[in-house]
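**Student:** Hey, can you work out the whole structure from these sequences and the hints?
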Amino acid sequence: MLDIKLIREEPEKVKEALRKRGSDVGLEEILGQDQVRRELLGAIEAKRAERNSASEGVGKLMREVGQARKEGRSSAELEVEVGKLKKRSSSLGEEIAELDNHLRPVEDSLRELLLLVPNIPHETVPVGQDASKNEIVRRVGDPREFGFEPKAHWDIGEDLNIIDFKRAAKIAGARFALYLGAGAQLERALINFMLDIQSREHGYTEVFPPVLVNKESMTATGQLPKFAEDLFKCAADDLWLIPTAEVPVTNIHREDVIPVEKLPVKYTAYTPCFRREAGAHGRETRGLIRQHQFNKVELVKFVEPETSYAELETLTADAESILQKLELPYRVISLCGGDLGFSAAKTYDIEVWLPNYNEYKEISSCSNFEDFQARRANIRYRPLEGKPLFVHTLNGSGLAIGRTVAAILENYQQEDGSVIVPKVLKTYLQMDTISV
RNA sequence: GGAGGGAUCGCAUAGUGGUCUAGUGCGGGCGCCUGCUAAGCGCUUACUCCGAGUUAUCGGGGUCGAGGGUUCGAAUCCCUCUCCCUCCGCCA
Numbered sequence: 001m002l003d004i005k006l007i008r009e010e011p012e013k014v015k016e017a018l019r020k021r022g023s024d025v026g027l028e029e030i031l032g033q034d035q036v037r038r039e040l041l042g043a044i045e046a047k048r049a050e051r052n053s054a055s056e057g058v059g060k061l062m063r064e065v066g067q068a069r070k071e072g073r074s075s076a077e078l079e080v081e082v083g084k085l086k087k088r089s090s091s092l093g094e095e096i097a098e099l100d101n102h103l104r105p106v107e108d109s110l111r112e113l114l115l116l117v118p119n120i121p122h123e124t125v126p127v128g129q130d131a132s133k134n135e136i137v138r139r140v141g142d143p144r145e146f147g148f149e150p151k152a153h154w155d156i157g158e159d160l161n162i163i164d165f166k167r168a169a170k171i172a173g174a175r176f177a178l179y180l181g182a183g184a185q186l187e188r189a190l191i192n193f194m195l196d197i198q199s200r201e202h203g204y205t206e207v208f209p210p211v212l213v214n215k216e217s218m219t220a221t222g223q224l225p226k227f228a229e230d231l232f233k234c235a236a237d238d239l240w241l242i243p244t245a246e247v248p249v250t251n252i253h254r255e256d257v258i259p260v261e262k263l264p265v266k267y268t269a270y271t272p273c274f275r276r277e278a279g280a281h282g283r284e285t286r287g288l289i290r291q292h293q294f295n296k297v298e299l300v301k302f303v304e305p306e307t308s309y310a311e312l313e314t315l316t317a318d319a320e321s322i323l324q325k326l327e328l329p330y331r332v333i334s335l336c337g338g339d340l341g342f343s344a345a346k347t348y349d350i351e352v353w354l355p356n357y358n359e360y361k362e363i364s365s366c367s368n369f370e371d372f373q374a375r376r377a378n379i380r381y382r383p384l385e386g387k388p389l390f391v392h393t394l395n396g397s398g399l400a401i402g403r404t405v406a407a408i409l410e411n412y413q414q415e416d417g418s419v420i421v422p423k424v425l426k427t428y429l430q431m432d433t434i435s436v
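Mapping the first sequence onto our numbering, position 66 (from 1) lands on 66, and the numbers just tick up by one.
Worth flagging that the hints you see were computed from the coordinates, not collected in a lab.
It should be emphasised that the depicted structure is a prediction, and the values quoted were computed from it without experimental measurement.
Treat the hints with care, as some may be off.
Unchecked claim - Taking lysine-lysine and the DSS-like style, the derived pairs with C-alpha atoms no more than 30 Å apart in a straight line are:
1. Lys233 / Lys361
2. Lys84 / Lys60
3. Lys70 / Lys87
4. Lys47 / Lys86
5. Lys70 / Lys47
6. Lys170 / Lys233
7. Lys133 / Lys361
8. Lys215 / Lys387
9. Lys226 / Lys133
10. Lys5 / Lys20
11. Lys361 / Lys426
**Tutor:** Take a look at the structure:
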């Protein structure tokens, strides 16, 4: 959520910034509602102030009436005064209620409108309307030369009997996977490996959150109200399945004021993630790349505003370190304005090399949300002096497990159909190669 | 699922219709005093919205888990909801 004061005071600057992401949100309606809101509020508060002082007067006079009766004096005159004040207060009450009835829908619609405005891109974000304008920041590792035609990971998985998509479809439907034997163990090994690195080497606190959350949590991180179509919902209980650990982990500190000396707060979490993938029909229907349910190890940071872009660099480096240790070739790209997610001010995607695709494929997305989520979630920090301020939030995948499995199978495959286990996983898996 | 109890300013608690502008203790901050330390003394210590002002700040509204209601007036009375605790039932 953007600051209404920023929209009010510098609407042209906001419009220009949003144009950078190809969003033509009409700020006029917001500005109009804001204007009406402030006018109504002024009128209501003036009447409230008057009513408060009238009621206070009633209280004082009532005490005097009591005193007069006790002393046997006549209280008739005082009681007439009390009657007048009560009447005045009562009619003010009606006027306030009337104005309140006008104000409420204005405030509701203003909030709804604000929740639909995307974040402002950072000045370093490349200009462009779609993915073709994304910038390659760096490439790490060289794609391997194959002396044979590399197979797709879904064929490798089925040939080795470690991934079964047909049975997954029987159990649940399309876009689900059943891992078996060494496949299931590889999935588990990767979860443990990533959590171990992020918590032991990079200082993240490991958490294990709920994967069903309420709508307040989904709204705080920006999935709701705009992207309900992408989420699985448990309607009977008004709960939602998380599309990423970002949601429950960021919401750990919803409504909190964090002492500045505790910042940066860093969490890593493994969770399954659930996405409806509505609108992705026919795209990447095979394999592990696009699933309704997948595992992910997530990184989340709460930081002081001044440090958030430096923290984005280290968060991205923390995610990259996993690929380096797994010795998988990858590149880092900076998303252009048009490709940026709704809540993000800046995003680096990390893309891993997939031989069968003969291209780089997203395996992690690392974003700085600045105060966009913090404002929705009311997450603040208390500086050494002065009022509480909004933190900046960041998160990134460290990494998506299913896509990592796909990358390992494709990059480490051998001509005989077996797959070499990456060095760092050998102790986790207790095997050197996966073969039939 | 059933029955009962609870939610107040960082923490603990007081407050059952009008000096509650929410008291007190602890904790925190500032200052005074004191060879040092400890103690003592004084002051101070929530957030938010609207308006005014160059800042400091000032005026007003709101907030005692949340939302409604009764009333001239609600922390206090009534209703609904959320969460926590105890007991019963069920259960990995």
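**Student:** Could you tell me which of the hints above the structure violates, numbers in ascending order?
**Tutor:** 5
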